[in-house]
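*Asks:* Work out the full structure, taking the sequences as your base and the hints as a guide.
1 is the number of the first residue of the sequence shown in the working numbering; add one for each residue after it.
Among the hints, erroneous ones may be present.
Said to hold, decoys possible - Derived pair list, reagent style EDC-like, types lysine to aspartate or glutamate, alpha-carbon separation capped at 16 Å: (1) Lys168 - Asp27; (2) Lys168 - Glu187; (3) Lys168 - Asp148; (4) Lys168 - Asp191; (5) Lys168 - Asp150.
Said to hold, decoys possible - Label pairs and their calculated CB-CB ranges: (6) Val59 - Arg121: 35 to 41 Å; (7) Ala62 - Arg119: 47 to 53 Å; (8) Arg34 - Asp127: 29 to 35 Å; (9) Gln208 - Arg87: 47 to 53 Å.
Worth flagging that the hints you see were computed from the coordinates, not collected in a lab.
Quick caveat, the model's predicted, so the values are computed rather than measured.
Each residue gets a CB set at the ideal place from its N, CA and C atoms; glycine is no exception.
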Amino acid sequence: MGTAALLRAAGVGVGDEVIVPAFGNVDIAEAVTRAGALPVFADIDPRTYCLDPAAVEAVMTARTTAVVVVHRFGRPADLVRLHELGRRHEMLVLERGETETSYDEVAQRRERAAYLDARLRGVRTPDHADGHTYQQYVVRVPGNGRPDRDAFARALRARGVDCRVPVKTPLHRLPEFRRCVTLPQTELAADETLALPVDASLTRRDMQRVVSACNALGGLLQPAF
1 MGTAALLRAA GVGVGDEVIV PAFGNVDIAE AVTRAGALPV FADIDPRTYC
51 LDPAAVEAVM TARTTAVVVV HRFGRPADLV RLHELGRRHE MLVLERGETE
101 TSYDEVAQRR ERAAYLDARL RGVRTPDHAD GHTYQQYVVR VPGNGRPDRD
151 AFARALRARG VDCRVPVKTP LHRLPEFRRC VTLPQTELAA DETLALPVDA
201 SLTRRDMQRV VSACNALGGL LQPAF
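*Replies:* Right, here's the structure in full:
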């Protein structure tokens with residue numbers, strides 16, 4: 001069942017507020033709108049890229065009836081704290097996940113992620129907590145935010161590395177959802193993150209190319225002061 005249908009089935013509708021992440025997932029905000037409710041954006045945890053429970057609580061009002069939690073890049077959200085928050089405030093906590101893959105695929109992605117973790121220099125590698133399935137291997141490119149990250153991505157592609165910016169514009173900056181809110185971790189993540197390939201089809205030579213290209217560039221970037 002879709003998100004809008006689940007919200008309506010739970011009694012969420014006109015006049016209600018539903019807390020959602022602004023870091024990607026435009027379909028979630030659109031589903032809240034289709035249900036008749038108002039999407040309210042909360043900031044993310046910089047390690048997991050999922051909703052930060054403290055940020056969720058900070059934007060709650062008397063009209064908040066639900067929160068839609070999205071697991072990002074194969075890293076699960078802090079469901080213990082979010083469900084506890086839901087119980088305390090009698091708020092629906094709705095989970096939305098990513099496409100499931102087989103155990104073998106996850107194992108191969110973890111193997112490639114471990115290879116990158118041990119060899120990459122000049123970029124900040126992802127948090128590798130238990131449960132990470134590496135749907136995407138997302139690094140942070142240091143320097144001056146988006147200009148340096150975008151230049152880094154172009155240089156990697158020129159060296160034959162398939163990389164992508166996972167979230168180009170946070171939802172609260174899009175015309176249809178523009179809000180006057182401060183989401184520092186969301187905006188920083190949108191400016192710095194880059195997804196590197198860890199697909200099961202990649203060979204050892206492919207992974208060596210990724211490391212070589214990143215390390216050749218990463219040393220040129222310095223954190224902004």
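*Asks:* Does each hint hold? Answer for all of them.
*Replies:* Here is how each hint holds up against the structure:
1. Between the alpha carbons of lysine 168 and aspartate 27 the distance comes to roughly 15 Å, so the proposed pair stays at or under 16 Å and holds.
2. Between lysine 168 and glutamate 187 the CA atoms are separated by roughly 10 Å; this keeps the pair inside 16 Å, and the hint holds.
3. As the CA atoms of lysine 168 and aspartate 148 are separated by approximately 14 Å, the hinted pair is consistent with the 16 Å bound.
4. Taking the CA atoms of lysine 168 and aspartate 191, the gap is about 8 Å. The hint holds against a cut of 16 Å.
5. Annotation: proposed proximity of lysine 168 to aspartate 150 holds, straight-line Cα distance about 10 Å (limit 16 Å).
6. Separation of valine 59 from arginine 121 is about 38 Å and conforms to the stated range, judged on CB atoms against 35 to 41 Å.
7. Between alanine 62 and arginine 119 the Cβ separation comes to about 51 Å, which falls inside the hinted range of 47 to 53 Å.
8. Distance hint check for arginine 34 and aspartate 127: the Cβ-Cβ separation is about 33 Å, which falls inside the suggested range of 29 to 35 Å.
9. Evaluation of the 47 to 53 Å hint for glutamine 208 and arginine 87 yields a pass: the beta carbon distance comes to about 49 Å.
In summary, this structure violates none of the numbered hints.
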